[in-house]
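**Student:** Below are the chains, spelled out letter by letter.
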Amino acid sequence: MPIQYYIYLSLVLFSIGIIGVLTRRNAIIVFMCIELMLNSVNLLLVAFSKMHLAFATANDKLATTVGTDGQLFVFFIMVVAAAEVSVGLAIIVMLYRNTHSVDINFLNRLKN
Amino acid sequence: MSKLVYLIPLFPLLGFLINGLGRKNLSKSMIGIVGSGAVLASFVVSVLVFLDVKTNGASVVPLFPFIDVKGLVIPFAFQVDQLSSLFLLIITGIGFLIHLYSTAYMHEEENQHYGRYFAYLNLFVFSMLLLILGSNYVIMFIGWEGVGLCSYLLIGYWFKNNDYNYAAKKAFIMNRIGDLGFLLAVFWLIFKLGTATYTDVFSAASLAKLSAFDITTITTLLFVGAMGKSAQIPLYTWLPDAMAGPTPVSALIHAATMVTAGIYMIARSNILYTMAPGTQTLVAIVGLATAIFAATIALKQNDIKKVLAYSTVSQLGYMFLGLGVGAYTGAVFHVMTHAFFKALLFLGAGSVIHAMHHEQDIRKMGGLKKHLPITHITFLLACLAIAGIPPFSGFFSKDEILMAAYAKSPLYYYVGLGGALMTAFYMFRLYTLTFLGGFRGTHDQEHHLHESPAAMTIPLVVLAILSVVGGLVGIPELFAKDAHSLEHFLAPIFAGSTAIAEHHHLEASQEWILLGVSTALIIAVILYAVNSFKKYQANGSENSGVAKLLENKWYVDELYNTVIVNPLHLLAGFFKNIIEKNLIDGAVNGVGRLVGYGSRQLRLIQSGQVGNYLIIMVLAIVVFILIWFNDLTIVYYLTRLFKMA
Amino acid sequence: MNTTEILFFFLSALAIFSAIMVLISKNPIHSVLWLVAVFFAISGHYILLNAQFLAIVNMIVYAGAIMVLFLFVVMLMNLNAETEPQKNLWMKLAGVISGGCLLMVLVSLVRQATDLNAKKAMTTTGDIGLIKNLGKLLFSEYVVPFEITSVLFLSAMIGAIVIGKKE
Chain A
1 MPIQYYIYLS LVLFSIGIIG VLTRRNAIIV FMCIELMLNS VNLLLVAFSK
51 MHLAFATAND KLATTVGTDG QLFVFFIMVV AAAEVSVGLA IIVMLYRNTH
101 SVDINFLNRL KN
Chain B
1 MSKLVYLIPL FPLLGFLING LGRKNLSKSM IGIVGSGAVL ASFVVSVLVF
51 LDVKTNGASV VPLFPFIDVK GLVIPFAFQV DQLSSLFLLI ITGIGFLIHL
101 YSTAYMHEEE NQHYGRYFAY LNLFVFSMLL LILGSNYVIM FIGWEGVGLC
151 SYLLIGYWFK NNDYNYAAKK AFIMNRIGDL GFLLAVFWLI FKLGTATYTD
201 VFSAASLAKL SAFDITTITT LLFVGAMGKS AQIPLYTWLP DAMAGPTPVS
251 ALIHAATMVT AGIYMIARSN ILYTMAPGTQ TLVAIVGLAT AIFAATIALK
301 QNDIKKVLAY STVSQLGYMF LGLGVGAYTG AVFHVMTHAF FKALLFLGAG
351 SVIHAMHHEQ DIRKMGGLKK HLPITHITFL LACLAIAGIP PFSGFFSKDE
401 ILMAAYAKSP LYYYVGLGGA LMTAFYMFRL YTLTFLGGFR GTHDQEHHLH
451 ESPAAMTIPL VVLAILSVVG GLVGIPELFA KDAHSLEHFL APIFAGSTAI
501 AEHHHLEASQ EWILLGVSTA LIIAVILYAV NSFKKYQANG SENSGVAKLL
551 ENKWYVDELY NTVIVNPLHL LAGFFKNIIE KNLIDGAVNG VGRLVGYGSR
601 QLRLIQSGQV GNYLIIMVLA IVVFILIWFN DLTIVYYLTR LFKMA
Chain C
1 MNTTEILFFF LSALAIFSAI MVLISKNPIH SVLWLVAVFF AISGHYILLN
51 AQFLAIVNMI VYAGAIMVLF LFVVMLMNLN AETEPQKNLW MKLAGVISGG
101 CLLMVLVSLV RQATDLNAKK AMTTTGDIGL IKNLGKLLFS EYVVPFEITS
151 VLFLSAMIGA IVIGKKE
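Residue numbers (our numbering), protein chains in the order written: chain A, 1 to 112; chain B, 1 to 645; chain C, 1 to 167.
Worth flagging that the hints you see were computed from the coordinates, not collected in a lab.
There's no promise every hint is true.
[Unchecked claim] Taking lysine to any residue pairs in the SDA-like style, the calculated list, with each CA pair at most 25 Å apart, reads:
1. B:Lys408 - B:Thr220
2. C:Lys92 - B:Val610
3. C:Lys92 - B:Lys408
Throw the hints in and build the complete structure from the sequences for me.
**Tutor:** Written out as structure tokens, the structure reads:
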């Protein structure tokens, strides 16, 4: 697969995530869109790792572990995302408990 | 000996520092000893320097480099020559007597004000000595400004009285106008010659570099400076107002120091003036006009100090007349004799005022002869000296100037003689009203009349002796051949001018006639004045006509107020109320309001909605990417992208 | 067009469609479910790239654990299409335009990078994505970051409890 296909796919998914963040008011949906953006980046990392592997093996048959780092990186991103989600959802729950809403427009304490 | 000349200004400076810093701790007697002692020490050194100069001639004593930049070197050096050593003697000698007198006169002051007074007085003497001793115009200017400052401080010494403060301000501002002229002249000199040192400026090589226009401009500007400092028309009005200061201060400012600065400066620059006949004529005319003008005002003044003040202005006019007609020696001679008898007059007036408990109106005095014998005798001698009765000092110096004026133009002589007659009249009017006749004050005052203490009478006696015999250093050739020792002494200073100037010599018979006639006229005027004021009684009637004009000093102050001060006030008011309030404040506040308005509008962007912030963030990222990859390629691909779509 | 390509385009279309549905569905529960579909599609991509370990982890952690957590929260709050807050049309339009601009600029950047043209990602072959290879590296070179993630989890757990605790 040409690497550009993966890049375009990732860009589209990432932009959809951004548009979601910009257009939705529901905090949970916004959070989900952030997860979507994370995943598009993950996909791109894996695709790049395989691209480097393909490039390396084409030149040197023995270089079979090139690109492993990229996939491990994705692994770590998933780990961090899981932690982030647990804390983020806790915050949203607390927000809901205080305001009885998940509307981010109520989070306008930055004003004044 | 000349090496020690730096001690002369150093002593008063030390006195100033000690008295100024310790005025709250030192006792009055200590302050008096320090203040007078400093000037006395200067006087002793001055005498030594004078004797040294008399035998060894002039020298320049460099102390340290003052300004040393590319193309301009101004050393801090002292000029020790015949002219400066003579002035040193006058300043420190009379200065000391005035200090001594002040210790008694100012004794009623509070301790710290007493210290302040002596500190100012010493600073004044220091500035004046710096002015005299400086070997270039820049050092002279330092002293020049110093005396201006000190005169401000001393005139406004009783700063609780607002009128006195105004008088001090007036003196300062008038002086500043003159100082500007002086400063411009110095700049001009430095610009043209690259030096301000006397010996360099007055060398033949430098003078050759100056065009006639340069010399005329420089001398005129210097003369403007002298006008301010030496109280000539039109900048003389500060001097009568300066009587606000304590009487010894008046004596110091108007007799020995400040006002003679202008004379000294022109005498110092005599070669330049001799080379500029136009300016010389201007100096002579201004001097003569001042002499007459001030004398007319003095005729009708009733304040003892005001009479003396206008008399000073008038006498200064004579000195400038002398300078203007090329009689530099005569002018310096008159400075000297005038210092003697005017200091004596002021100190005598101070003694009278002291006895009268600060009453200054001569209409309320009279008959003080028997109460103040020493003051009376010395005052009478001073009056005779200033009136020009032979053989008192004033006769010789005034005669020398008037003779030189006659040689230049008889018209100068006649006008000058008129002034001299008026001088005799108003001085003896003053004398008669004060000392003769019956006492016209209150009984309380009469009861308390007393002769002043020794510290005040000793200076009077010393000055009286000087006033009587001071003229003997300048006996004209008419009386005795080669008896004019002052002229011989000062000859090196004025050598350059004497070489250039044309000499008019009067016939001896002509001189005898002029002298005889003038003396006879003066004596007649004196007798008339004494007779007409002997039986004076205050009748309370208003003066009218010319007398009223004179009493009100020709309304010059009012004229200045109308012509200069009030328009300036109006202009200032216009700028303050219209230009500043509307234009400047408007602009400044407008900028403030604009920013405030803009901020209020911009604040609406900060809605606090996270979503809005995010949109802006995303757009900013887009912009940043566009900026970072600011290639034509990005445009190219964007157009292709649109074509594709 | 071989099988790999067909699968790639199918999975891509599925991912993009599901992602769009996440955006436009009114009911939050539908959004969550559509997002699960996106994650499954991405897992499919991982398998296509022969990254088997990540595909499984993605499915278990993301599609399984995380999305179920989301679902729980949504249901806990009893959110539905009626309670869903809506932005006004202009704000939505502004958001879409901003996102579109970003996409356009990024795409043009990628098109500019000509040295990517010849590069290909190795699909179906290449065994670096196998659990054996990743495990070796994870427990040798990356053992310290790996252990640190456990600390991260601990702190996240404590944080979640502290935040979620009443009062």
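**Student:** Output the indices of the hints that this structure fails to meet, ascending.
**Tutor:** Number 3 - this is the single hint that the structure violates.
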